[in-house]
Every structure is written in C-alpha cells, then in structure tokens.
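Chains as they are written, first to last, in the numbering used here: chain A, 1 to 259; chain B, 1 to 259; chain C, 1 to 280; chain D, 1 to 291; chain E, 1 to 307.
It should be emphasised that the hints constitute simulated quantities derived from the structure, not laboratory data.
Keep in mind that this is a model prediction, so the values were computed, not measured.
For glycine and all other residues, C-beta sits at the position ideal for the given N, C-alpha and C.
Every clue listed holds true.
Here are a few chain C residues that sit away from chain E, every Cβ distance over 10 Å (derived from the structure): (1) Trp11; (2) Leu42; (3) Pro111; (4) Ser184; (5) Leu189.
If you want the footprint, here are the derived chain A segments under chain D, 3+ residues with CB under 8 Å: (6) 75-82; (7) 85-98; (8) 105-112.
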Amino acid sequence: MKTPVIKAENVDLVFQTGDGSVQALSDVSLDVGRGEFVSFIGPSGCGKTTFLRCVAALEHPTGGSLSVNGMSPDNARKERSYGYVFQAAGLYPWRTIARNIRLPLEIMGYPKAEQAARVQKVLELVDLAGFGNKFPWQLSGGMQQRASIARALAFDADILLMDEPFGALDEIVRDHLNEQLLALWARTGKTCLFVTHSIPEAVYLSTKIVVMSPRPGRIADVIDSPLPKERPLDIRDTPEFLEIAHRVREGLRAGHAYD
Amino acid sequence: MKTPVIKAENVDLVFQTGDGSVQALSDVSLDVGRGEFVSFIGPSGCGKTTFLRCVAALEHPTGGSLSVNGMSPDNARKERSYGYVFQAAGLYPWRTIARNIRLPLEIMGYPKAEQAARVQKVLELVDLAGFGNKFPWQLSGGMQQRASIARALAFDADILLMDEPFGALDEIVRDHLNEQLLALWARTGKTCLFVTHSIPEAVYLSTKIVVMSPRPGRIADVIDSPLPKERPLDIRDTPEFLEIAHRVREGLRAGHAYD
Amino acid sequence: MSWVLGALGFWAAAWALNVRLARLRNTRTLGLLMPALFGLTLLVVWEGLVRGLNVPGVILPPPSAIGARIATSLPVLWADFVQTFVKGALSGYVLGCGAGVLSAIAIDRSPFLQRGLLPVGNFIAALPIVGTAPILVMWFGFDWQSKAAVVVAMVFFPVLVNTLQGLSAADAMQRDLMKTYSASYLQTLTKLRLPAAMPFIFNGLKIATTLALIGAIVAEFFGSPIRGMGFRISTEVGRLALDMVWAEIAVAALAGSAFYGAVAACERAVTFWHPSQRGL
Amino acid sequence: MRSVLPILTVVLAILALWYGAAVALNARWTLDQAARAGQELTLGQIVSDTLQQERPKLPAPHQVGAELWKTTGAMALEGRAFSKRSLIYHGWVTLSATLLGFAIGAGAGILLAVGIVHNRAMDRSVMPWAIASQTIPILAIAPMIIVVLNSIGITGLVPKAIISAYLSFFPVAVGMVKGLRSPDAMDLDLMKTWGARAGQVFWKLRWPSSMPYLFTSLKVAMAASLVGAIVGELPTGAIRGLGARLLAGSYYGQTVQIWSALFGAAILAALLVGLVGLAQRITLKRMGMAR
Amino acid sequence: ADEVTLQLKWVTQAQFAGYYVALDKGFYDEEDLDVTIKPGGPDIAPSQVIAGGGADVMIDWMPSALAAREKGLPIVNIAQPYKSSGMMLTCLKETGVESPEDFPGRTLGVWFFGNEYPFLSWMAHLGIPTDGSEGGVTVLKQGFNVDPLLQKQADCISTMTYNEYWQVIDAGIAPEELITFKYEDQGVATLEDGLYVLEEKLDDPAEVDKLVRFVRASMKGWKWAEANPEEAAMIVLDHDETGAQTEKHQIRMMGEVAKLTAGSNGALDPEDYRRTVDTLLAGGSDPVITREPEGAWTHVVTDAALH
Ligand SMILES: Nc1ncnc2c1ncn2[C@@H]1O[C@H](COP(=O)(O)OP(=O)(O)OP(=O)(O)O)[C@@H](O)[C@H]1O
Ligand SMILES: Nc1ncnc2c1ncn2[C@@H]1O[C@H](COP(=O)(O)OP(=O)(O)OP(=O)(O)O)[C@@H](O)[C@H]1O
Ligand SMILES: Cc1ncc(C[n+]2csc(CCO)c2C)c(N)n1
Ligand SMILES: [Mg+2]
Ligand SMILES: [Mg+2]
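One chain only, chain A, in its complex shape (with noise of 0.2 Å):
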C-alpha cells in the first residue's frame, strides 16, 4: 500500500441547477491503496455516487484534486482500468444475457476466441451459466443484477466500482453473492470501490468503510477494518464484528436529524 491507488485531496463538487447550485461533495480527502476493499456507507443522497462517478471520471470535481493510479481520472479511463457496476442492471435489451457480457470486451478488442472463454467462465461466477442466450427481460430482476456483475467483472479492469450492486436481492441470495465476491476479490488483488446501505454487508466485505454525511457530502469517519482476510459468513456474530458495526452505525446517526 505505498503508492495509493486512488487519492483525493479536499476534492470539491457543485452541481449547478436550474434553482440554485448544490453542494454534493465537500473537502473529501480519502486514499486508497492498491488491492484494498473500501465500502461507502451514508444517508440517501450523501454524495456516495457522486464520487464513485468522479473517480470513474463521470463527473469532474469543481475544486480540489482527484488522482487514480497516478493519473487524471480521464487518462486512466482510457487505459480501460474501471469496471462500474451501476445501480440498476442496465443491460441493453437487444442483447442476450451473454452478448451484454461480451460487449465491453467487443469494445477493448480482446480476441474472439477469449471472448467466449471469459462470458462463460463469469457466467458461472454468478450461477447463470444456462442463460446465457436469455434476453434480460426473461430473467427476474436479481437475476439480471448478477449479470450485470458478470459484465464487470468480465475484463481486467483493475479498480472494481460497484454502486449498491445487491440492493434488489433477497438476504439469502445477497449472502451467497457477498462470498463470492469476497473469494474473487481475494484471489485477484483488485481494488474494490463499493456501496451500499447495510451496515453488516459493509463491514463484513471491506478492509476500509467509509462513512458519509449529507448536505453537504463530506466524510464522517473512516473506519480501518481489523478482521482478517480470510471470512466465513458467521464471522459477523463475533465482538470485533460487532464493535465495528455499532461504530458505523453511530456514524451514521450522526447524519440523521431523528431523536
């Protein structure tokens, strides 16, 4: 972790409007090294998204300075080194499950006979591996989320940006996922940048949980995770587990105007 992957330093952002401008981001100084997991946690409409997407070169912060492998977000953008899984699936409807996999790859130019290789070994990643000639709109909506995943995990991209990515799935499902996500993560050193509104969710992934604030968006604590590398789901009923959790969520209360 010497040379920081991702360093922002009292990066500012104004979005202006039609009535008025808003502040979505204010002095947020955050670093992140090479191969850490670090999770975003904070009130609706804290500015989590706003800064995956200024990192991902999205959005351009209007003051301070945002560097990512050494380089603007822009250059690094070019370098192909994002893979952004957003909110919703957004899988392109005239496409089949496994086509809407293969297109990032279609447009980086990797070799067709790769192509095939890695749709399908990512299809099993996410337990589609027969659906792959469906068309989004005849899978289920968790479903299509885990394509979606599939489609970003496809390349090689080196920094993983994940927006609430298990928001629409069920607790079971959402578990099985977070395994798996932790086993790749693991076994491919990335650099995960990930959101998400459940407390044990962020805790039990992340190396690095920062918590956000509102109005304006600014961070409210970062919280250095001590648990090890390795995690099997029961780890979230032991104290270290749980000692961080109610850290979190004191974190969060602390943007809340509630009691």
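We have chain A already, so just place chains B, C, D and E with the ligands on it with the hints.
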C-alpha cells in the same frame, strides 16, 4: 381475533402465458385476524406480491376461496377497505407530493378542509413536511417511497397492504420508519399485510410471519410471534428475537438451492 | 460569380459562428439566435446563387424581391391569411382534433372496436389528400367549409391514434392504484389516464398543425373563392408573379412555424413533468 | 387473427354507412333528372338509380370495386396488365417513384438525425427550419421543382422522387433524433467507463436502441412518400401514375375513376406500410426486442 | 434530325390534334424534325417551362402570353393556328340568367392560373365589378371540371365549346336547359392556342429555319385533322397515356375544334391581334396589360413556312 378479517382456503393461482402456464400460488391457506400485523418473506418470485394482489382483488384466484371481512375481495374493495403501497413508489409525475397524497381523498369524496388537514398530518408522519409542493422527480428515491407510504395512510383503510415499502431506504431511515409504522399500527388497530426481504424487519414488526417457498408458490412456515406489542428498537438483541429470526432464516434457506 | 463566392463565404463564416455559439451555455436568446443565423444564411446563399447564376425571376425570384413584394402586398396577404388560416385551417384543426380525442376516448372502452377500427382507420388515413380534396370541395362547396373539412379529414386519424396510444400509457401499477381506491371510470379517466396521455396527445396535435395548414392550402387548388393562400399561389404561378407566390409561401411557413411553436409551448406547460421536457 | 372479426364488423359498418350516404348524396340528381323528364319515381327506383349513376356525387362501393377489378384483375387476366388503361401500370409508375423517394428521404433523414445528435450547432440551428420546411405547401412548389429540374435536364423518375423524399425525410429525422437519444444517461456512462470511441457508442448503443423509433417513423415516411410521388405526378403533365389518374378523373368528372385511383393508392400504401411492419417484426424479433 | 420540344397548354386531347397528327403521320419526319410533345395540365404554366428552357415552343392563350411579356419574359407569337375563340360562359336556364345584364348578384365559375384574363376584360367592358363589391358578381375559382354547375354551386361556369360544354351535356343536361354566352358573340374574344417562342430564337437563322419547318408541318397536320376528324381523334387517343379519354368525346371535340381552326392558315391575322390587345387594354381600373405591346408577334416564320 374471533372472525378473521382475511380468510384464504386452498388458494391456487395459475397465470396463462404465451409459453405455458405458471403456477404462482398453490394451496395457500391462511387466516388473518383483525388488527394483526402479518409479514410475508420468501425468495424472489415465490408469489408474495401475487398473494397481496389477490387480497386487493387485483388478481383472482383460479382455485380455492378467499374472503375479506366476510365478503369477496371485490366487494371489500368497493367499500374502500384497502390502502396499498406498491413495491415502486408510483407517484403521478404531474401532481405535487401534496396533491399526490390528496388524490385518494378526492376520489373518496372527503371534504376539502379535511383533505388539507390529513395531507399535512401524514406528510409530517413521514418527515416530508416541507416538501408538499415539490414534484416527485425533484425528490430522491427514498423520499418518493415515503410519499407513497403517506398516500396509503392518508385515508382510513381497514387493511394496509405494503409490498416492500422500505426496500430503497438506508438502515437508519428504515429503522425510523419501522418504529413509526409500529406506533401507527398500535394506535389505529389496522390490519397490516407486509412484504419484506429483511428478516429482522419481519420479526421486529409482525405478530405473524409467513415464510413462502417458490415453484410453485406455497406457504413453508407460519410463525406466531411471542414478542410484546410494545417494541423498542433494541428488542432486536433479545434471545427471543434472535430465536425467531433463526427460525425464519432456516425456513428461507430451505427454499434456496445453495449449499 | 462574385455573388456565388460571396454567398458561400458568408455560409462558411456563419457556420463557424454557430459552431462557436453552440459551445456557450443554453439560453433563450441563443435558442432564437442560432436558428435565425442559420435562416439568414439560407437567404443570403439563395440571393447570391440567384443573382450569380442569373436565374430568371419567373423561375425563382431572389429573397430581396420577395421581401419587397411582402411589404407592398400586406393587405392582400392578410386577407388570404384570414381566409385560409383562421377560417379554414384553425376551425378544421379544432374540430378535427376535438373529434379525434373524443372518438379515441369512446373507442378506448371497447377493445373490439379498437382492433377493428385502427387498421381500417390507418387505411383511410392513407387516402392521399390530392384525391380527397376535390371530393370534399364537391360536397362542402367552395368556401372555407370545404377547406375545414379537408383539414378535419387530415388531422382526425393522427390525433385519434396518438390519443389511443396515450390512453394506454398509464402503467399497470398506476391503474391498480386507482382500482384499490375503487375509483369510478370517470375518475380514473380524468385523474390518471388523460394526464398520462398528454405527451402522446400533444405529439398528435403537433403533427396536426403542419397537416392543417397544408390541407387548407391544397384544398384551395381544387376550387375556392377568389382569396386565400392556396388560391393566390396557384393563380400567381399562372401569372408568372413568382415573387407573390413566394411571399405567400413565406407567410405560410411563418404561420405554420408559429402555430407549431404555440402548440409546443402549450405542451411544455401541460407536460412539464415528462422526462422529455425536463431533460437537456 | 383475433382482429379479423372486429375488422370485418367495422368494414361492414362503413359499407352500410357508405351506401346510405351514396343514396342520400346522389338522390338529388336522380330527382332532378326525373323532374326534367317529368316522371314520378318510386322509392325503390330512386335507390336503385342512385347506386348506378355514371357520374355520382358519391359512387357506391360496388361501383368502385367493379372499376378497380376492371382496371386491374380483369386486365391482368387478359394479359394487358401493363396497358396504359390498367391501374397496375399506373400503380407501378407511382410505386417506383415512391420507393426511390423513400430511399432518398429515409437516408437523408437518418443522416440529418445523426448530425443533429452529434453536433450541437446543427441541433440548435437546423431543427426549427426542418419544421418550417414542412409547413410549406408542397403542392405549391412541386411544379417549380419540376420546372427547375427539367431545365437542368433532370426528368422522369428523379424529380418525383425528390418531392416524395422532401415529404418523407422529416418524420424519419424527428423519429431518429428521438431514437438516437433514447439511451439513458446510465447506458452512456457505462460506455464511457469502458472507454468506448464515438463510433462504438453509435453502432453498439445508439443505433440498436433507436430501432423501434426507426421503424415507426419509416411507416409514416412510407405513407408520406406515396403522397409525395402522387403530388409530384400532377405537374409532370399528369401523364402516368396514380396521381395522373386522379387528376384525369377529376378533370372529366369521372368520380368512379377518382375513387378507384384513390383506393388503389390506399391499398398500395397499406401494402408498403405492411411491408415495413414485417421488416420491423423480423428485425425486432432477431434483436430480442419483440415480446 | 433537329430536335424540337413543344409544351402544350393542357392535357393530351383533340384540342392539340394538329400536332399529334403531324407527329403520327410523319409530317415532322418529312421536315427532318424530331418533335417531343409535352402535355400540360392544371399545374403547368407553359411560359414558366419555356423560361426554364424545358421547351422550345409553347402553346398559350394570347392574354396570358402578353401579360407574361409585360412581366419581362420576352415571348413572341410565331403562328396562330386557332382563328376563333372557343370560350364561353354556360348557365342553367332555371337560374333565370338571360343576358349579361342579369349577371350582377350571380355566382360565376372562372378558370384562373392565367386563364382569367378574358373573363376579367369582359366584365370590365360590362362595368361589372368582380371584387365582391356592391352590384358585382361573386367569382369562384373553378376547378378542373363542370361540377359547380351540376351541383348548383355556381349559376354559370366557364366552358370551352369543344370540351366542358359537352361534359355538361354528357352529365345529362339537355342543351335546351342551358344558355351560353360565347366570347366571340360578345365582341370580347381573345386569341387562343397560339405558338410562342423566346425572342432570342428569332435572332438565329438556324433556329428560325427549324421553326419554319415546324410550323409548316404542324399546319399540315392541322389541315389533315380538319379533313379527317375521326382518324385525328383516334391518333390523339393513341397518344393519351392516362387512358382516361373516351373515343366519343374526342371525336366530338375534334369536330368542334375544326370550326375554330378553320379560318386560319397559321399566320396571325393582325386584325385579330388588334382586337385582342384592345380588349385587354380596356380592362377598366385593372387592365390585363397596361402598355401597348411591342414586338409581341412576327410573321417571319409563317411567311417563310407558307410561301
Ligand atoms: N446531475 C445532478 N444534478 C444536480 N444535483 C445532483 C446531480 N446528481 C446528484 N445530485 C445531488 O447531489 C447529491 C448527492 O447525490 P448522490 O447521487 O451522489 O447521492 P447518493 O449518496 O448516491 O444517494 P443514494 O443513496 O440515494 O444513491 C444529492 O443531493 C443529489 O440531489
Ligand atoms: N402477470 C403475470 N403473468 C405471468 N406470470 C406472472 C405474472 N405475475 C407474476 N407472475 C409469476 O408468478 C410468480 C410469482 O410472482 P410474484 O410477483 O408474486 O413474486 P414475489 O414473491 O412478489 O417476488 P419479488 O420478491 O421478486 O417481488 C413468479 O414466478 C412470476 O414470474
Ligand atoms: C386549372 C386550370 N383550369 C382551367 C384551365 C383552362 N384551360 C385552358 S386550355 C383548357 C382546355 C379546355 O378543354 C382549359 C380548360 C387551365 N389551363 N387550368
Ligand atoms: Mg447513489
Ligand atoms: Mg413482489
């Protein structure tokens, strides 16, 4: 709880689709007494939504019998017995939040003055007091969801049907709304049918938890909760609570293919 | 030759300016300035080509001659405008669109009628006006009534079809919501389905504006009193007064665009909530 | 197939209305003629006369049908399908101009839409004029277009095709602008995260997602092309084509001939639009977008 | 062979039989000409076509030709195969119209598109306003057919002796039920269906020679048509591509047309020209032409062709 408000006996429902028929509900029998709070939990596609729709007379069972307040669901609907919160917010984009909430009141012919008073009250209940004059697309997803809950609470429905109303909200807001809902239920004695993917939520809210399993949609387990009516949030750390949660999780797991 | 080169030079300069303007922030004045500049370019190129290539005035007059003609013929142009646009096109537009929306609401209640009427309606809508106009002139006489009838025939089906499509635009969940309130047919119609249909209805109404003006003008070719834009155009072509012809065409284009713009403005006011009106 | 019965019902209703209207509109002529001849007519005589006049105000359906058959099927059976008196021949003339005009118009419309979507200057300055262009009465300028093109030596099919292209480019341009803009922000952002080039975004995202819009507007454009071809036929000396038939019929007061040419045109339009619909169904099905 | 394109004023019909006969019988070939005949129609202004270079020779009525000349299009009459005017106003007797004095207050159908000049001149002669003012007539722009009379939307309509009049008869109205006013009889006849070319052509001897041969062959065609009306009508029918004309109507038309061409050998009679110009100049407040035309006709071609 002498005369059940909702009485389902061997309810079957088969959808006829282009390529064959889908059995969405199979042999579902369930009694719900006046003032009960019943949660439905189960994997995606197991028929939770379908059952709620049958109760609201939006679908019609193809077998078995279903009665509401001793009459057919169709007649119950004519009595305006239902408040329904759909999985998505479903606000009308051409009406402001306040006028969206007022819509059912207009339809049911409440006097003008009372309409305004009620709208004001439920807006406060869901923490949207200042937002009555905004249009739906000017609010974040979570706020829209709260507006749609307010809309269902604005009029005096006997039976509240809620289909994953809190799916899009973060944990803190969710906890807050859970408390509010419970208080409202205790105060008004409405009968509630509630669909959720969250086990703690189901256990925290309900007097009765129905665990469903898919293909074809049937009831796997019905758990009567021994928890008291008065439930502070930290009841979730008591052994009784965890005990029920465990039973629900087991029931759920049986419906999945993993391990 | 210098005229031609000058015109092309102006074109290049104006385009470069427009490209530069396009990078600026979107404002109201810019929204008017850019098309105005483009239109000015068209006129300059036209003038330059006509003069440079010595095109006879009886084939294509230069814009300057047309402008001069407009200035001297305002009373005639106004009388023609009233006859064709106000009496013929507008009345036909109101009648045809009104009938289209009302019929759509009536048909909407019967899927049977919908399935039967739509294909037949599309077939009837395909009857070319150049054929139907003389027939309607024969039936409804020479004055504006027959022009209005042609307009009605032209706008009815586009509005009907769009309205029908719009009435089915409210999604299933929104309708189910109405059902849980046990709302009456009329309540569902006025509070849900008509508002949801507005973007589609306006689509039809916008298409209908251009159709209405064209229909009223074309119908005058097949018989008319001795005023009206279509009458003037066909008569003055025969007299080789091409400047007058283009003056009428200019009025038609102006009136048509203004009509379209007015309906589009209503659309923005009524369907402000639709994503297509919010975006950009 | 479920639609057969409803369509049949509607067609029957229209036929009934039509016969009624024919009797009502044509009765005056019958009565006038009788009055001139000093005869008294029974109701039956009036009705039967109104349905078989030579120059009726509104010809009866069977008269139009008979004329259609006489000028198409019957002539084809005699092997004179392409004689000048056959509607098949005139329909073919119109069809070729329609198809050429449609190809030019649809192509131009698509190109214009691509330009508008990719170039802000074009978007802001051209669109209002595209709308204005459609408010110009084509029937008024068609003769001038023909004369101008004639004078530079372009005659025959092309001038007509240009007029029909003028009418058909607009719906395609408008529909395609909408279609090419239909991918939402997220779809476009996804492409950005992969570092896709403009060409890739166009072919892999914008183009496929515009398909439903393309076909809908192609249907409108096809009908407009046909109208354009007919309009373009009037000032060419009205020699050949359905437009010439309409005009000649109109000039000689041959209402039956007008109506049969009219229906010939509508049938042609229905066939062409149906063909586009077929292409639409096949394409969308192959793309998995038809459900 | 030299190429000549002729633009007709109206659709293919016996009104133009002479040219079709010359084409069909090889009279043009004999003169080493390759002639193309372009039919006209309601939307075609022959003078516009000739200005655009789409034709070498056109057929037009003198009023609109002179009006065009005043507009700056230098066209010249080179031959005049029609001696008399076929124009008239046809009214239903039952409307009570008996003489031009009855016109005020009536609705009259008139052809426009450059064909309104004779009517306007006539009304100016009679002192009847046509602009809708008190004591005037209501003018309708008449379409392509005789429907306004049959449907009783107009009291009188414009007809040609050789065409529309017979369409009224064919529609079932007996001649006794009609009353007609021929422009010839009213003393306001203007010359119809002359041959016109652009002035510049006459400066080129080669072009003049071509025109001479063209007029010679055309007049031969006309005289043949006058002598053989039935065959001439059949030749016209053969050239009708719309397939809309009927044999009966064309034969009858040929017969009527022959009466109008009968008095002409092709050369313009200066007296007819004088009368036409006087009629047009006397148009009251809004005359068709405002100045005495100069050089609007020439005998150069006919002199060479006929001698
Ligand atoms: N394009 C935009 N224009 C204007 N304001 C915006 C825009 N995008 C986001 N915002 C505002 O910026 C703030 C941060 O939004 P963001 O989407 O990052 O929140 P979030 O943390 O992802 O919330 P959620 O949990 O609901 O997804 C919000 O107040 C939002 O209203
Ligand atoms: N209109 C319909 N036509 C055909 N099949 C349907 C229809 N509606 C639902 N189904 C099927 O019925 C089954 C039950 O669906 P339902 O929506 O009740 O599931 P659910 O339990 O609410 O799932 P989720 O948690 O995803 O909302 C599913 O297999 C679904 O595919
Ligand atoms: C629109 C229109 N209407 C009438 C005429 C007049 N016209 C000139 S020649 C001719 C033939 C007579 O049978 C007729 C009717 C025209 N040219 N254009
Ligand atoms: Mg977000
Ligand atoms: Mg559901």
